[in-house]
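Undergrad: Keeping the supplied structure of chain A fixed, place chains B, C and D upon it in accordance with the hints.
There are 4 protein chains.
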Amino acid sequence: MALPQTQALGVGMVGYAFMGAAHSQAWRTAPQVFDLPLRPVLAALCGRDRAAAEAAAQRYGFADVETDWRALLERDDVQLIDVCTPGDSHAEISIAALEAGKHVLCEKPLANSVAEAEAMTAAAVRAQARGVRSMVGFNYRRVPALALARELIASDRVGEIRHVRVSYLQDWLADPAFPLTWRLQQEHAGSGALGDLGSHVVDLAQYLTGQLISGVSGVSATFVPERPIPGGDGRTGPVTVDDAVAFTARLESGALATFEATRFATGRKNALRIEVNGSRGSLAFDLERLNELEFCDPADDPATQGFRRILVTEPGHPYLSAWWPPGHVLGWEHTFTHQVRDLVTAIAKGTDPEPSFADGLQVQHVLHAVWASAAQDSRWTPV
Amino acid sequence: MALPQTQALGVGMVGYAFMGAAHSQAWRTAPQVFDLPLRPVLAALCGRDRAAAEAAAQRYGFADVETDWRALLERDDVQLIDVCTPGDSHAEISIAALEAGKHVLCEKPLANSVAEAEAMTAAAVRAQARGVRSMVGFNYRRVPALALARELIASDRVGEIRHVRVSYLQDWLADPAFPLTWRLQQEHAGSGALGDLGSHVVDLAQYLTGQLISGVSGVSATFVPERPIPGGDGRTGPVTVDDAVAFTARLESGALATFEATRFATGRKNALRIEVNGSRGSLAFDLERLNELEFCDPADDPATQGFRRILVTEPGHPYLSAWWPPGHVLGWEHTFTHQVRDLVTAIAKGTDPEPSFADGLQVQHVLHAVWASAAQDSRWTPV
Amino acid sequence: MALPQTQALGVGMVGYAFMGAAHSQAWRTAPQVFDLPLRPVLAALCGRDRAAAEAAAQRYGFADVETDWRALLERDDVQLIDVCTPGDSHAEISIAALEAGKHVLCEKPLANSVAEAEAMTAAAVRAQARGVRSMVGFNYRRVPALALARELIASDRVGEIRHVRVSYLQDWLADPAFPLTWRLQQEHAGSGALGDLGSHVVDLAQYLTGQLISGVSGVSATFVPERPIPGGDGRTGPVTVDDAVAFTARLESGALATFEATRFATGRKNALRIEVNGSRGSLAFDLERLNELEFCDPADDPATQGFRRILVTEPGHPYLSAWWPPGHVLGWEHTFTHQVRDLVTAIAKGTDPEPSFADGLQVQHVLHAVWASAAQDSRWTPV
Amino acid sequence: MALPQTQALGVGMVGYAFMGAAHSQAWRTAPQVFDLPLRPVLAALCGRDRAAAEAAAQRYGFADVETDWRALLERDDVQLIDVCTPGDSHAEISIAALEAGKHVLCEKPLANSVAEAEAMTAAAVRAQARGVRSMVGFNYRRVPALALARELIASDRVGEIRHVRVSYLQDWLADPAFPLTWRLQQEHAGSGALGDLGSHVVDLAQYLTGQLISGVSGVSATFVPERPIPGGDGRTGPVTVDDAVAFTARLESGALATFEATRFATGRKNALRIEVNGSRGSLAFDLERLNELEFCDPADDPATQGFRRILVTEPGHPYLSAWWPPGHVLGWEHTFTHQVRDLVTAIAKGTDPEPSFADGLQVQHVLHAVWASAAQDSRWTPV
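Residue numbers (our numbering), protein chains in the order written: chain A, 1 to 383; chain B, 1 to 383; chain C, 1 to 383; chain D, 1 to 383.
If we strip away everything but chain A, and leave its shape as in the complex, we get (with noise of 0.2 Å):
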């Protein structure tokens, strides 16, 4: 059987957790599902246990392994670093990976601090104009209902915007007794609820309203301390992040936006929810509905009018066509398979995907001032 061949795209992936596991079956099921102009190889897996790192390489459909990512960067069937790891390492690997010339698909949030974030989007403008192209894993960007609400708002169907209403709720550390892990130490995890949840929210309302947030003002909290640490006999360590953290802000025009992020909403597991209001039209979403969008229409006939619940399955909706019949839903780890979509295609094209390092980084500047606001008295902080 000769069949014919698209050009390879060799992926290297640093880091294979819970990210990790996601991706690969992204990069496995993308050239299933869709005509991509690039056929991606799963060309290596690193990891600084050689054991785990091969025993993942396996599961995960990786054809080699490396226990150093800087090998990575010197191997020729290497054409694309997906950065898995967690964020204190993000800038280092990002930066190097770019400069040797390889792609770089940098998970969110994409770095623990605005100077790093600088540092990576410089980096990734230099390697830019040598046709090296980077990309910020902001995947819930790739939910078809959100990708929908963008389209909606982009073609006018909501109108002037007045309000956005985000909340990230989950709550794995609602029980006292979750250990101390690095997830809640400042110098690994940079924040907590702010980076982790918040980060995917200030994207979003930036991404689907197509405004920059102008100014926030923020509070935080953590509601608990001192937490076990793990092997630690009993003994409790300081908790170093934020458990929540809310604030309001305003968009460029004028629109009122609230925002929240927990771990400690009781019963919420992945409940990142995003309302908006225009002069037009109100959207409604929540992501552990992820198959569905709310849509209300003020111009339906008055007796008929109401939110409308938007099965976002059919042909015509963003990524559907290449999927199942209309009501076959769609699940989480679909947005990374999309992503992988836009990546891929953007790198063959030759344009630069999106959202870029300096989306990131916008990102950043907005948590930084959530933060600058919190520590001085809720003040109002431009951003």
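The hints are simulated quantities; they were obtained by calculation from the structure and are not laboratory data.
Do not take every clue at face value.
Simulated pairs of lysine to aspartate or glutamate, DMTMM-like, Cα-Cα distance not exceeding 20 Å [claimed, not checked]:
| hint | chain 1 | residue 1 | chain 2 | residue 2 |
| --- | --- | --- | --- | --- |
| 1 | B | Lys-269 | A | Asp-301 |
| 2 | D | Lys-269 | A | Glu-292 |
| 3 | C | Lys-349 | C | Asp-35 |
| 4 | D | Lys-269 | D | Asp-175 |
| 5 | B | Lys-269 | C | Asp-301 |
| 6 | C | Lys-269 | B | Asp-301 |
| 7 | B | Lys-269 | A | Glu-160 |
| 8 | B | Lys-349 | B | Asp-35 |
| 9 | D | Lys-269 | C | Glu-314 |
| 10 | C | Lys-269 | D | Asp-301 |
| 11 | D | Lys-269 | C | Asp-300 |
| 12 | B | Lys-269 | A | Asp-300 |
| 13 | C | Lys-269 | C | Asp-286 |
| 14 | C | Lys-269 | D | Asp-300 |
| 15 | C | Lys-269 | B | Glu-314 |
| 16 | B | Lys-269 | C | Asp-35 |
| 17 | C | Lys-269 | C | Asp-300 |
| 18 | B | Lys-269 | B | Glu-292 |
| 19 | D | Lys-269 | A | Glu-314 |
TA: Same frame as chain A, but now just chains B, C and D:
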């Protein structure tokens, strides 16, 4: 037919618009549904326009009319004044009534300013010493689902409270052609969404949690600064109140709260939503579905845990034993009927009904702090 | 105060339990909310136990009591008899009242048998010739959301109807310890879920679609055949009615319908659900959320198509202009208030109110066909 | 890199349309997510059109193609035949494959007639004696929410079952202009909604309850009797299958069930809804929200009783420990991945996977009884 008679409680009502209609229906329905210790008698309705007042009196079932509210205070057949006027006359009428020895039910918000609310509260305290009772009409405390929520929190089914998330969304100002009524003028309405909608949700948040708000950081917006003057031949005038307000807050215990009140949420008609997350459970409510309360109990076995949709129509639920069989839902106006029951019961027992004028004053303090914070760069403002 | 007076309509009510309470509240509330052409006066309430009847009369606001319903028919101050008794006395009372020249409002189901319903309908026709009106109390026609559904179907927003899918689910018999009340005895109740719940949904299906049911195939079940006799010291007696019934049906146009009525649907309290699918649209309703109607319009652009959740509280919706602002929801009992309005209006205008006794008879024919089919191997039975 | 290797399981797939795409993705994803005891190898894909088959093979990751399915049976690198063709070839291919010693996964419905299904089942029994396994692809058994429902019923959380209420609603035939494809022709499809959708819900109802259907009474309809012939220049031909079917049924225990399957439910895209009411609890499910199961437990304290919305994404839920963190929802296609896991596990263990061909035959018996009843005045027909 010689029927047993309970003692009469003569009601004099000032104002007969939206709230007058709702209150008078409650006065007539309450004794038909509940065993009341006093028999409400609709003695007289007061309005400046005699013809209009007489029409209203006939429709609502009042026996007589007055055109000056002071005349109501002199009537022997009136023991209670029901104040249903706009906020700018609440203080004068209520204080005079209390001084005349009449019980007072005053619509919310208690007043248009802290100073007025303080004077009213002082009058209420003086009257109380003489056995004269007063109550402010935060009727949503009497939504059965919210009364149940209060019980669940009070009985520790929610545990230590981490988050309160409240929004009160309406959309009747979304159209810029809506005219410049008194509700949009600061001198009459005091404020906009803040006082009208915000007072409800501030009271509810404090009532449900049993905690006071200790500080706030606020922001407000007036999206449509000029509107057509009614009968003004196309001329416009300035809107001098807020169209929308948002604020973050802390409760005494350190819980983090977010609030939003707006009349610009296209498609949301009366969406007062409140969610409380605690260490032992969570509650969620939406006034557009006022017969339902959602409750998540993390003590449920993990396989079947989830938010329970409680249809609050069981005989054991607050106020429900007097109504219909399970599943036969109540409406918005029933909150006023419940209010009448509780008020009449307190008067008969010689106890103080809740919420008191002092409660109304406390809400006014919070609203003032929000206003002050919004005026000062959202700076954190203690209450 | 000389108030303008409309002519009185004296009401005599027979029975004062659940339905008596609901009806009397409606008689008192309707003139407060609607502009009625006649003024209902609660003249006399009839019950065999004088003390109980007097207590009920006082609570519900009736001026007098009778202990024999025949006495009501002789009173000059009574123009209308409101029959709120169990089904086995509907025929006798209604026929006598009509012959006495009194208008009749008779609770549903019209009767316990086709023969009784036929006699009642004949009496109604005779009375009609003398200007005496009659109505059967299928109150759910007056749920605003269902009245809206009727309008949408009548104005061809649903197109050619393909499917009607109805279930009426309650659970108050799920517990086998529930006692053997009269409702579970064939000689008093006629039937079980079939007559009590089934009559409602058969009427609704025909009312909404404007079509009659042409044939049925039925099956029924009695899950708990013996129940404790009230005050029977532990002895049990046989349940002689159906606990649940299900049937398929065809409408005149060929549409396919499914029906189910049960008192054994654990957790469902009053879930009357109806869905209609047509060539141009679909409608869905659940009585537990009676202020909402779902409507899908396939003419909406495909990208934003979906079931609209219509909050049926807008001024343009049926009955709503007389009530509260948008989003201020109504309750179950309001259906009776609307029924009073429509009945009083018809009486004043000299037109025949709907649903007529003939409509009630037609429902009885359908129920009988279901019963006959269930008794004969579910054989298809024309109506 | 020397990775540990599990033994290969060579897969030969016949057919590569909708089901072929879903199955092949599952074969590729399952080993990435689950610890499988055998390693699926996509050996060859079979299609009559070589060019199309090669394109499909490349896209889906198959190493080779065949144009005659018999050739697959002769390949040593194929141990399992995955039958994804229309129903009229299921019997021939499956029987030949089993006789050739290949395990078989056959798409549902098992066959177009009882006779075919009997022959297949006999072949499966013979093959089983030689250690050759067979499975019919009722993939919805592997929706985690439905697998959880099965567990809850099996562990007596629902008690004695009273009602099963099932509908499978789609709308792709609502437009009369939809062409006359093979699915609308009896000779190819066997039946319409009955076999395509009805087979799913009959299997589910029996699987969830652990009971067989003992008898049925059915009715069917063909709303649009003529449709345009594809490429027929406007000519039309007769639709020879049912557009919709409805039937009542009893389970072995006496529970009452209602079923409906249609392709004319405007606005419903893939609404497989199932509700089970029992003496100790109730369950409700809708495939359009496949990550959710509703469960009502009457043992909950009455004040907080209600249907719990279980987000079936917890590690303790069926299949979920291998996937993502709580709240990160799955999609429709994951049911096939779960099916692969269970099938491969059974093959490796030498046990019989479920559902068996005998299960498929039993469903066929029920469908036949429905058809027979519908043809005989809906007369009750034992299965």
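Undergrad: Could you run down the list of hints and mark each one as holding or not?
TA: Against the structure, the hints:
no. : hint                  : verdict
1   : B:Lys-269 / A:Asp-301 : holds, 16 Å
2   : D:Lys-269 / A:Glu-292 : holds, 13 Å
3   : C:Lys-349 / C:Asp-35  : holds, 14 Å
4   : D:Lys-269 / D:Asp-175 : holds, 14 Å
5   : B:Lys-269 / C:Asp-301 : violated, 24 Å
6   : C:Lys-269 / B:Asp-301 : violated, 24 Å
7   : B:Lys-269 / A:Glu-160 : holds, 19 Å
8   : B:Lys-349 / B:Asp-35  : holds, 14 Å
9   : D:Lys-269 / C:Glu-314 : violated, 29 Å
10  : C:Lys-269 / D:Asp-301 : holds, 16 Å
11  : D:Lys-269 / C:Asp-300 : holds, 15 Å
12  : B:Lys-269 / A:Asp-300 : holds, 15 Å
13  : C:Lys-269 / C:Asp-286 : holds, 11 Å
14  : C:Lys-269 / D:Asp-300 : holds, 15 Å
15  : C:Lys-269 / B:Glu-314 : holds, 9 Å
16  : B:Lys-269 / C:Asp-35  : violated, 26 Å
17  : C:Lys-269 / C:Asp-300 : violated, 34 Å
18  : B:Lys-269 / B:Glu-292 : holds, 17 Å
19  : D:Lys-269 / A:Glu-314 : holds, 9 Å
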